[in-house]
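A.B. asks: So you can see what is in the structure, the chains are spelled out below.
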Amino acid sequence: MDVARRNNVRVLGNPEGRTLVFAHGFGCSQEVWRRVVRHFLDDYRVVLFDHVGAGQSDLDAYDRSKYDALDGYASDVLEILAELDLTDVVFVGHSVSSMIGVLAANADPSRFGALVLVGPSPRYVNDGDYVGGFERADVTELLDTLDANYLGWSSVMAPVIMGNADRPELGAELTESFCRVEPSIARHFAHVTFLSDNRGDLARVSVPTLILQCMDDVIAPSTVGAYVHAQIPGSTLVTLPVAGHIPSLSGPEHIVAAMREYLG
Amino acid sequence: MTPFELYANAPCGLLTSTSDGTITEVNATLTALTGLSRDQLVGAQFAALLEPGSRMFYETRHLPVLRLTGEVREVAVTVRRADGSGIPVLVNSTLDQSGIQTAVFDATERTAYERSLLDARRSSDVAALRLGVLQRASSAFASSLTEDALCDALAASAREGFDASYTAVALVDGNGDFRIVAGDHPPMGLDIVDSELPKARAVRLRKPVTIASPEEAEAEFPELAGALRDARIRSVSVMPILDGDRPLGVIACSFLRERDFDHDFLDLQAALARQAAEVLVRIRLQRQLEVLALYDQLTGLLNRELMREGVSSAIGKASAGASPLSLFFIDLDGFKEINDQLGHRVGDAVLQEIAGRLGATVRTGDLVGRFGGDEFVVLCADVGHEDASAIGESLREAVRAPLDGVPATLPVTASIGVAVYDPALGRETTTDDLLSLADDAMYASKGAGKNRVTLVVR
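Those protein sequence lines, which keep their order, are chains A and B.
Counting in my numbering, the first sequence runs from 1 upward without gaps.
Counting in my numbering, the second sequence runs from 1001 upward without gaps.
Where hints are given, some of them may not hold.
[Said to hold, decoys possible] Here chain A is said to cover these stretches of chain B; the calculated rule only asks that three of the stretch's residues, wherever they fall, bring their Cβ under 8 Å from a Cβ of chain A:
| id | stretch |
| --- | --- |
| 1 | 1008-1021 |
| 2 | 1047-1054 |
| 3 | 1162-1169 |
| 4 | 1197-1206 |
If you're looking for bench data, these hints aren't it; they were derived computationally from the structure.
All C-beta atoms in this analysis are idealised placements derived from N, C-alpha and C, irrespective of residue type, glycine included.
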C-alpha cells in the first residue's frame, strides 16, 4: 500500500529540522494549515497530509469498518510516521485530529516528541456531569445540515484561486483541492467525530502535551480545554487570543508564537 | 441615508460583522426574521444565532471555506428566533478587509420541500443499502458448501452491513458449548464459567443481546467488561442464529464507539442471521444425507461401499509400507432362527449389539463394516498372521457371549474367515481378491462346524 498517496502526504521545509506533522480536523483538509506552516519552513521539517476521505486522499482506501472509529485514523498516522521513519515528532492536531494524535501517541509513544492539541475535545456530547457542549439531538441536526448542504461539499471540489480575502497582502494562490470532502464520507466522519468518547485515553498520554484553547470556541469550549488539561499528566494549557474554532485561519500567528514558546 | 437605512426593508436579512463574526450592523428585515431587536443583534456573534447543529456546521465548515476563499454561497442553516422557534435560512457571505457581509434568505418553504425530499432520499438510501447487503449476503451464502464457508460469509456480510470493527460467528453444539467458526472478536474466545456471556444469553433468550456502552458492560457483564476495555470495544450486539426455536449459534458485531442498536440495526442483523440459518440447516441436512449414504443405517457401521474403499486404501498403504494387514469376514450362525422365532425387532437389536461388540473388540482406528444381512467385515492394519488368530478368537468370543432378551436355546455364534495380506511374502493382492479369500475362509469355518476361525495368508 502506498501510504504517501493514500493520505496525500507532503513533506516541506528544512530536512535538517525537527519534524512537525500537521493533521486537519473535520470539515476541511490540510489546506487549513497553510497560514501556519509557512512560518516553520525555515527551521522545521513539515509534514502535511489529508485524512482518507478528505482533500486529495485516495477515496478508494475508505474502508468504512476501519474508519468507524478514530483508531482507524490513528493507525494511518502511525503508518505515515513509519513510512517516513520519523521520530521525535511534534504532532499538531486540530479539533478531532487532536484525539487522533492522542490515540496514535498512546499506541506508539516512541515516535512522538510532543503533542500540540488545537481545540481538542474528547467528547462533544454532554454526559452526566461532563459538559461537552452538545446534546445528542444537536449532532443529529448537524447531520441534517450536512445533507442540506450536500451541494456545498462537492461544489468546492474544483480548483480555485485562493484570494486570502481577509489578507490581501498575501496575494492569490492556486490550490487544487481546497477542503474537498466526499459527502457520504463527511457524513460518516461527522458521526465518528461527534459521537466518539475518548475521555478514557487522555490519562494515558505519556508525551509532553501543549493544549491550545481558543476564546469563545463553541465546538471545544474552554471548560473542555480545562478538562483535557486536567486529564493529561503534565500538560500545558495556553489560551489563544483568538475567537472561534479555527485559529489556524483566524489567528495563525498566535498558534505559531505559542508553539515556538513551547518547543523552544 | 446609510446603506442600512436604504436597504432596511430589502427582501433579505442583511448584516455586517467583523472578521471574527461579531455583528456590527443589521437591517430591519433581519430583526423581523429573527424577532430580535437591533440592540440585541449588534455585538452578538452571528454563529450564536444558529441552532446548535447548524452552528457545528458553521464553525467547522462554513467559516474555514469563507476564510480561505472569501465567499460562501447558499449555505443552508437554521436560525433560532427570539421565541425559541427555528427558521431555516440560506446564507451568502463575503469576506474582505472590512469584515464579513452576509445576506440571509428565509427558506422556510423551500426547506420544507427539500426536507421531504431529503427524508424520502434517506429512507430509500437506507432501504437500498439494506437490500444490497442482504442480496450480496444471500448469494455468498448460497454458494457456501460448508459450515465454515457460510460462517465466513456471514461474518463478512455483517462487517459490511454495519461497518463493524469486529464480527464473529460462533456455533453452539448440543451441550451448549460454543465454537468460534469465523471472524475475529478478541473477547469472544474468553472462557468465563461463572457468569453468563452475551452469546449464551442470546441463545437462551432467543433474542439479541446488546451492550450499548462500557458502563452497560460493567453493569450487565462485569467479567467481560475488562476484556472489552482492553480491546477498546465500546459497544456490542449479539444476535442468535435460530432454526425456528432451536439455537444454532450467534453472530456478534463489535464497535470501537457507541452505536445505536435501533430497530433498523437489529432488523438487518436478524435478517442476516435468518438467511444464514436457512443455509446452515440445508448444509447440515446435506451432510447427514452424505453420511447416510455411506454408513449402515441400522448399526452405524461402514456400509459395503465405504468398507471396500477402506480395504482398497489399506492395501495400498500396506504395500507401500511393507506392513501386513488382516481382513476378517464374519457370518453369524443362528441368526436366521432368532429372526424367525423372535421377530425382526429382536433381530435388529441383536445386529446392533453385535456391531457394538465387534467395534469394542478391535482398535479405534480399525474399520468395522456391515456387508449386509448378518455379514460383517473387520479390517486391521499392521496386523500379521500371529496376531490375526488372536483377534479372530476375540471376535468369536465377543459374538458368542449371551445376548439380552435371547434365550440360551437360540445361541448366536460367528463363523470367521481371516485373510492376511503380507507384502513381505512378495505377492500382490486386490480388494476383490482379499475379500473373496476371506469369504472362502469363512465358508471353510461354516463347513467345519461353525463358531470357529479359519486363517489364510495371501
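A.B. asks: Next step is simple, just say for each hint if it's right about the structure.
C.D. replies: Against the structure, the hints come out as follows:
no., hint, verdict
1, 1008-1021, "holds (count 3)"
2, 1047-1054, "holds (count 6)"
3, 1162-1169, "holds (count 3)"
4, 1197-1206, "violated (count 0)"
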